[in-house]
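Engineer: Residue strings, one per chain:
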Amino acid sequence: GQNIDQPTEMTATEGAIVQINCTYQTSGFNGLFWYQQHAGEAPTFLSYNVLDGLEEKGRFSSFLSRSKGYSYLLLKELQMKDSASYLCAVREEGGSYIPTFGRGTSLIVHP
Amino acid sequence: GAGVSQSPSNKVTEKGKDVELRCDPISGHTALYWYRQRLGQGLEFLIYFQGNSAPDKSGLPSDRFSAERTGESVSTLTIQRTQQEDSAVYLCASSLGLLNAGELFFGEGSRLTVL
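If you read the protein sequences in the order shown, they are chains H and P. Position 106 of the first sequence, counted from 1, bears residue number 106 in our numbering, the numbering being contiguous throughout. Position 89 of the second sequence, counted from 1, bears residue number 89 in our numbering, the numbering being contiguous throughout.
It should be emphasised that the hints constitute simulated quantities derived from the structure, not laboratory data. The structure presented is a predicted model; accordingly, all values stated were derived computationally and were not measured. Please note: incorrect hints may appear among the correct ones.
[Said to hold, decoys possible] Which chain P residues face chain H? A few, computed with CB under 10 Å, are given here:
1) 3
2) 44
3) 91
Built from N, CA and C at the ideal position, the CB exists for glycine as well.
Taking the hints into account, I'd like the entire structure generated from these sequences.
Structural biologist: Written as structure tokens, this is what we have:
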């Protein structure tokens with residue numbers, strides 16, 4: 001099974017940069033995913049990392065280090081609409097391929 | 001449809017009653033997943049379908065929970081003799097196939113409140 005850990009809550013200022021960390025322990029790694037979930041809405045897929053390194057997609061980037069069991073989601077030029085919960089999910093090798101989600105990090109962006 | 005559709009969006013029921021939650025996945029998506037999200041908590045995996053088959057039911061919280069899928073399309077999650085602890089948002093998601101699990105497309109969820 002997996003153990004996924006991420007901070008419960010973070011706050012940041014509009015226009016700034018914020019890094020949301022996720023650490024995990026798994027017996028066989030097969031991919032890490034980040035999702036965004038606005039209050040009362042469905043989670044939406046943000047990024048997927050399976051190899052070490054940084055994946056950039058517009059204002060959002062996701063980094064993975066498999067040897068350290070560590071990932072982060074980097075949000076640049078923060079906007080008020082980025083206030084949401086950010087969920088880290090890890091997929092294990094073999095078995096059902098179903099990702100296990102962390103509890104999520106609630107990000108509050110203030111003016 | 002264009003996205004994953006779930007119904008009802010809100011359901012309030014009395015303890016002990018049965019409820020049925022429905023999910024219409026994206027057309028052509030062979031894999032379908034049910035998750036539960038309690039207030040302020042992460043997503044708890046319940047069950048998945050590959051086609052109409054559910055190979056692993058161990059995520060279902062108790063034998064009061066069951067799910068089925070027909071025609072590789074619509075799925076229903078049934079909770080019998082509901083308890084207050086069942087109150088949560090039940091999220092359905094679909095993906096092109098099992099190997100695409102992780103890149104999930106979620107519905108808006110069915111919010112269940114058991115009084």
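Engineer: Evaluate each hint against the coordinates.
Structural biologist: Hints, verified against the model:
Because the closest C-beta pair between residue 3/P and chain H is about 9 Å apart, less than 10 Å, the hint holds. Annotation: interface hint on residue 44/P holds; nearest CB of chain H at approximately 8 Å, less than 10 Å. The beta carbon of residue 91/P is positioned within 10 Å of a beta carbon in chain H (closest approach about 7 Å), and the interface hint is therefore held.
The structure fails none of the hints (numbered hints given earlier).
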